[in-house]
Amino acid sequence: MMGIHIRSTLPVLVLLFLHLAAGQDELIVSTDKGKVRGLRLPVPGGSENVVTFLGIPYAKPPLDLLRFRRPEPAEVWNGIRDATWYSDSCFQDQDTLYPGFPGAEMWNPNTRISEDCLYLNVWTPSTVFQNRAKLLVPVMVWIYGGGFSTGTASLDVYDGRFLSHSQHVVVVSMNYRVGALGFLSLPESKSIKGNAGLFDQRLALSWMSRNIDAFGGDPSSVTLFGESAGAGSVGHHLLSQGSHGLFTRAILQSGSPNAVWAAVDPAQAWNRSLTLAQLLNCPFGPSADEMEACLRAVEPEKIVSLQFDVISDPMIISVPFPPTVDGEFLVDMPSVLIQSGRFLKTELLLGLNRDEGTYFLVYGAPGFGIHNQSLINRDQFLTGVSLGLPGFSDLAREAAAFQYTDWTDEQSKPKNREALGWLVGDCYFSCPLLDFACRYVENGGSARLFLFNHRSSFNPWPRWMGVMHGDEIPFVFGIPLNQTFGFSKDEEALSRRIMEHWSNFARSGDPSVEGADWPPFTLEHQQYVTFNTGLSQTLRMLRAQQCKFWDSFLPKLQYVTGESHRMRTDVHPHLINKENL
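Per mature numbering (1 follows the signal peptide of the UniProt record, and there is no 0), the sequence shown runs over residues -23 to -1, 1 to 558.
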């Protein structure tokens, strides 16, 4: 994850300047809730401006009785609402492990945090905005990641103007609630069933279906795209019938709904929620109503500060409050829905970065950090395997360690470091996503697969971490086109190429561009396209050897050792394939 900071120039100097100029050229749009005033943003190196509307409310503030609950549509307002500033970010904790380090700080909220946070942003090319009564363009809706615990649409790296301007599309992003405030689920409760954050996203999509044409966007051509938990969210919308009429196709970057961190069963969700309630001195009383009232009275800072304590065992990747089966948004676990083909049959574009696991090692694996080379010995590697595979049997962990060990040099510290990165990346990201692609195609969907393998010249993390989780995001949003950062010409060209593929997919469902055909992903060939500053290649069978271990061998091992039920509820639902047992 590279350290890009536009804050010193974008929210302060640029927006202040544009606020002075806004009065000369007011940009007012009527929505079904009221009028909003936007502003024109310059695009460095571009020939035209982008019309931008920031902080448009799509829901009532989720305060008081609405805390933890599904969002309600925003109320009508009178007059003209100023939409020239980002809203507050949703309440969340901040990453303080590496204070001042740009690679970590770039993901922390760059606005105030508040429970009043359910707002969205729109970027439209000026020419499209001026001609919106005659011609509408495709819409690309970004859903941010952050492990369902952090994230905000206002991050500098999510600036939608470059993508909007260069590809002539409308770009939209929204805030949604995260952590316990977004995903708390209580047993016997009629109103707090979990997944409030997903319902936030759906309500924003519903707002777009009614209003985006007023901004130049085509409501019949809406592509969701997201990364990590954002990609998991996109996957959940594919699995949720109530979302199907609100978008057309989907892009999943480094995440899928069947990953272990993307959903838990109701029993786990309830257990974690009740544990948090006890930590907050709101124990389960004679009725659920009393506990709910107590939880609504607790300061949000306290909720956020204690939410990770519901997971007792240390682990490398912790997501204490992910989505769950609530009977409405998710009617079953994602793995079951995928296996049975209960999802929107459309076109998918999905893919991975080369080194998905390394980012997480410096946050929880022994011997790892950003100020050393993280050369770990054999014992540290084995401890890392245990932390990376909570809920697995000892035999399963031993099998995973065996699979990823280079037995020609098992004591090699660099190889131990590399092996743990591959293990975590495969287990949590690569193999669930590839399994999702296979199931999706097997059940009638269409998919294209990519591998991003360029390490940015702006990446401040140690070089051994490679092409990390999240590294593709600036290239998808066109940040290298901002020449003030000094990206290389090759990196600018790579970003333009990726944006063209993504926007072509949004237009037609086919990401191919002139001179670069992108073959469909099939079960037989499993082809994928690589992205770096050189020529793209079309290869096949990405991580096939490793994923066969996770998808076939390990479930059998768990099954024969009596661990299959535990694995179904606690570990990796994407690993369960009854045909393999």
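Read the hints as simulated data drawn from the structure, not as lab findings. For every residue, glycine included, the Cβ atom is placed at its ideal position computed from N, Cα and C. Treat the hints with care, as some may be off.
Label-pair distances were calculated between CB atoms; the ranges are [as the list claims (entries may be wrong)]:
(1) Lys533 x Asn248: 40 to 48 Å
(2) Gly219 x Glu491: 37 to 45 Å
(3) Pro437 x Gln218: 42 to 50 Å
(4) Gly304 x Leu42: 19 to 27 Å
(5) Ser24 x Met518: 38 to 46 Å
Hint compliance check: list the failing hint numbers for this structure, sorted ascending.
Violated hint (a single one): 1; every other hint is consistent with the structure.
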